[in-house]
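Student: Could you put together the complete structure from these sequences and hints?
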Amino acid sequence: MSEERKAVYYGKVELIPGVICDGYVLDDGTAVMSERGTADLLGMHHKSLQSVAVNWLPEALNQFIDKDFIVAVNSVEVIAENSPHKGRKITVYASKTIENLIFAYAMAFAHDALRENQKHIGKRCVVLMRSLVRAALDAAIREACGLRTDIQATVRKHFIDPVPLLREAGFKCSISDDIATLQDIAEFFDIPKGTIRSFMKRNSADIQPIPLNRQQILATGSRAACMNGYRTIDVAKLAFRMNTVRGIQLKKNLFGEVDGFAHPDTSAEVCWQAVFTLVFSGLGFHHNYSLGCYRVDFKVDRLNLVLECNGYEHRYYNVKQEQAREQFITQNYSLIRFHHKTNVETLFNAILQIRPKEIIRLEYTGAVAVF
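Letter 282 of the sequence shown, counting from 1, is numbered 364 in my numbering, and no numbers are missing.
Just so you know, not all the hints are guaranteed correct.
Listed next, with one range per pair, are the computed distances between beta-carbon atoms [said to hold, decoys possible]:
| no. | residue 1 | residue 2 | range |
| --- | --- | --- | --- |
| 1 | I223 | N295 | 46 to 56 Å |
| 2 | E445 | C227 | 50 to 60 Å |
| 3 | E250 | R284 | 57 to 67 Å |
| 4 | S304 | G366 | 17 to 27 Å |
| 5 | L434 | S304 | 48 to 58 Å |
Please keep in mind that the hints were generated in silico from the structure rather than gathered at the bench. Every value quoted in this text rests on a predicted model; they were computed, and no experiment measured them. Built from N, CA and C at the ideal position, the CB exists for glycine as well.
Tutor: Below, the structure is given as structure tokens:
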């Protein structure tokens, strides 16, 4: 921003159940999120996000983001009356910057390009992207029908909570419905207590143990002088960050077989397949689908939609044959043909706008994809 902006509106944003972030609207209409809120949303340590702003993006993300993209970090003065930070200057990230980070991490995860200590961010971003897209589709349909929509509640509804999956797999807490002991965790994951302690220590920034009182300790049958408990959401973090047999199964239940598509040399089409498989789960999604005498890249039954990934590898299409093919497809379906470097926001805007039996083409100009 060329001049210092002011945050004139403030509100708490809860897109993920239990993760509450500070959101603002600036005096120029830009929607932003606080630096800590952005880090919490992406599942990153606060310092890691600061490092991205100072030292540029991790190398693994470079191939999945436009070369001219800049992690725009802005300092703004808060003047919103209801903000606890009124009168202070804070660091914020624009919604467009956050969207680019979500997309880049999700695509890097699908390509298996992230380091071990980054994969949990990629998984979070894949699920975030799915929940946001579903919420946008839900909101667009409801708005078209004249109904009001609570966007945050809709996103939360579509966000998969790992805690119920943990309980469905048989995990039980000895202290209460939400507090487990080290013994509970060790028995469920079949790993030594020392390994769990080391993990908890390494992740102390976002996993806080709960000191148990004497009565709670005695109820477990222990005679220890002191003991900690752990919330089930923190146990879920262990499940998704450690490669245990139980953890791997839980990851498959939550994210599907994403890792099955993840290879450094994965084609653009297969990379998009990994994303679409998650985003369109439950909507009748098909890949490489036979339609009459033709085969299409992607088909979504519930949306009556066909998606064709057109990149450099498709530049030599026979024009007349493609026209006949498109005419056949659009007898019953809407068709979107998109360049493989199209960003997710542009593509899903097209999905929201397309009319029955219409064709939308998203061409890549070298920086952005355009209608």
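Student: For each hint, tell me whether it holds in the structure or not.
Tutor: Structure-based check of each hint:
1. A hinted range of 46 to 56 Å holds for the C-beta pair I223 and N295, which are about 50 Å apart.
2. Remark: the range hint 50 to 60 Å for E445 to C227 is contradicted by a beta-carbon distance near 32 Å.
3. Take E250 and R284: their Cβ atoms lie about 27 Å apart, and the range 57 to 67 Å is violated.
4. Range check, S304 to G366: about 51 Å between beta-carbon atoms, so the 17 to 27 Å window is missed.
5. Checking the proposed 48 to 58 Å range against L434 and S304 shows it holds: the Cβ atoms sit about 56 Å from each other.
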